[in-house]
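Those sequence lines, one after another, are chains A and B.
Quick note on numbering: the UniProt record's numbering labels position 99 of the first sequence as 99, and the sequence is numbered without any gaps.
Quick note on numbering: the UniProt record's numbering labels position 62 of the second sequence as 62, and the sequence is numbered without any gaps.
It is worth saying that the hints were derived from the structure and are not from the lab.
One should not assume that every hint holds.
As the list makes no split between identical chains, a pair holds if one copy fits it or if it spans any two.
Said to hold, decoys possible - Below are the DSS-like pairs computed for lysine-lysine, each with C-alpha atoms no more than 25 Å apart in a straight line:
hint, residue 1, residue 2
1, Lys2, Lys120
2, Lys92, Lys111
3, Lys120, Lys12
4, Lys25, Lys92
5, Lys111, Lys89
6, Lys26, Lys57
7, Lys92, Lys57
8, Lys25, Lys57
9, Lys91, Lys57
10, Lys91, Lys26
11, Lys67, Lys25
12, Lys26, Lys120
13, Lys111, Lys67
14, Lys92, Lys2
15, Lys2, Lys25
16, Lys25, Lys12
17, Lys91, Lys2
18, Lys67, Lys92
There are 2 protein chains.
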Amino acid sequence: MKYYSISEASAKFHVPESTIRYYEKKGLLPLIERNEAGRRLFSEGQMALLGTVVCLKNTHMPISSIKQYIDWIVEGESTLELRLDMMEKHKKAVLDEITLMTESLEGIDVKITRYTNRMKEINEDN
Amino acid sequence: MKYYSISEASAKFHVPESTIRYYEKKGLLPLIERNEAGRRLFSEGQMALLGTVVCLKNTHMPISSIKQYIDWIVEGESTLELRLDMMEKHKKAVLDEITLMTESLEGIDVKITRYTNRMKEINEDN
DNA sequence: TGTTGACTTAAACCATGGTTTAAGTTGTAT
DNA sequence: ATACAACTTAAACCATGGTTTAAGTCAACA
Chain A
1 MKYYSISEAS AKFHVPESTI RYYEKKGLLP LIERNEAGRR LFSEGQMALL
51 GTVVCLKNTH MPISSIKQYI DWIVEGESTL ELRLDMMEKH KKAVLDEITL
101 MTESLEGIDV KITRYTNRMK EINEDN
Chain B
1 MKYYSISEAS AKFHVPESTI RYYEKKGLLP LIERNEAGRR LFSEGQMALL
51 GTVVCLKNTH MPISSIKQYI DWIVEGESTL ELRLDMMEKH KKAVLDEITL
101 MTESLEGIDV KITRYTNRMK EINEDN
């Protein structure tokens with residue numbers, strides 16, 4: 001079974017090493033093994049977990065909620081329904097945020113159009 | 001010409017009054033008038049400007065950049081090109097963020113599907 | 001043998017984006 | 001006359017999400 005160093009994990013997910021250490025300290029990455037020298041060893045499973053954390057972070061889930069989710073994973077099958085419920089609610093929140101951003105983008109497009117037209121006028125006035 | 005109080009502005013844009021005051025202090029809402037008693041009076045133009053700030057905030061533009069944009073608006077027509085450039089870059093950044101969120105959403109959907117299937121299995125095992 | 005690079009920890013530090021508090025002013029309703 | 005609601009300010013306070021620093025360990029290489 002392959003293991004990854006923290007620098008490899010950092011490179012794979014484009015997350016600073018300091019952030020990975022911070023996540024571990026916050027409980028988002030439980031049970032990370034160490035070698036004899038105390039260095040972190042990320043198994044494939046730990047890498048997948050880090051991938052999950054990054055995915056939730058990318059969709060703006062707060063650290064405290066990610067921690068709850070990870071705690072439920074560690075707790076086992078009895079938390080399946082809680083996890084499902086959390087992911088469904090989170091999905092809705094993400095869709096809402098995407099909708100808001102998409103709507104706000106229209107306001108930005110209006111400005112781009114307006115500025116572009118005004119620039120054109122100015123150049124025609126030469 | 002109609003004027004709005006801070007509570008009306010707050011209600012219209014779903015932004016707390018304290019945040020509006022904070023934005024003004026940060027320079028995001030310049031030239032807001034006051035009545036004799038020192039209360040803020042938002043003209044239609046100021047309301048539109050607040051709408052712009054909210055739009056940029058909704059798309060995660062940092063306060064410092066919003067301030068730069070507003071400063072350019074106040075500065076006048078000579079900054080047209082700078083504003084156009086900023087909005088075009090911002091639009092790209094927003095589209096990138098939406099893309100990242102949309103991609104990450106797939107990871108969440110995978111979990112929802114997996115959990116749903118496992119729940120089904122458990123219920124079939126009755 | 002010593003020095004470099006890749007790590008470790010705990011603790012301090014930081015930026016961002018507000019919110020809350022305290023004390024005061026004004027206009028209106030009782 | 002008074003009390004309440006709706007404001008005002010400056011300053012303090014706060015949460016979130018990290019980043020940076022300092023001091024140390026270890027393996028490998030020159």
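The hints, checked one at a time:
no.: 1; hint: Lys2 - Lys120; result: neither (59 Å within a copy, 33 Å between copies)
no.: 2; hint: Lys92 - Lys111; result: between (29 Å within a copy, 14 Å between copies)
no.: 3; hint: Lys120 - Lys12; result: neither (45 Å within a copy, 34 Å between copies)
no.: 4; hint: Lys25 - Lys92; result: neither (29 Å within a copy, 34 Å between copies)
no.: 5; hint: Lys111 - Lys89; result: between (34 Å within a copy, 12 Å between copies)
no.: 6; hint: Lys26 - Lys57; result: within (14 Å within a copy, 28 Å between copies)
no.: 7; hint: Lys92 - Lys57; result: both (15 Å within a copy, 21 Å between copies)
no.: 8; hint: Lys25 - Lys57; result: within (16 Å within a copy, 31 Å between copies)
no.: 9; hint: Lys91 - Lys57; result: both (13 Å within a copy, 22 Å between copies)
no.: 10; hint: Lys91 - Lys26; result: within (23 Å within a copy, 34 Å between copies)
no.: 11; hint: Lys67 - Lys25; result: within (11 Å within a copy, 36 Å between copies)
no.: 12; hint: Lys26 - Lys120; result: neither (53 Å within a copy, 33 Å between copies)
no.: 13; hint: Lys111 - Lys67; result: between (40 Å within a copy, 16 Å between copies)
no.: 14; hint: Lys92 - Lys2; result: neither (36 Å within a copy, 38 Å between copies)
no.: 15; hint: Lys2 - Lys25; result: within (24 Å within a copy, 54 Å between copies)
no.: 16; hint: Lys25 - Lys12; result: within (20 Å within a copy, 42 Å between copies)
no.: 17; hint: Lys91 - Lys2; result: neither (32 Å within a copy, 41 Å between copies)
no.: 18; hint: Lys67 - Lys92; result: within (19 Å within a copy, 32 Å between copies)
Violated hints, listed in ascending order, are 1, 3, 4, 12, 14 and 17; each of the other numbered hints is respected by the structure.
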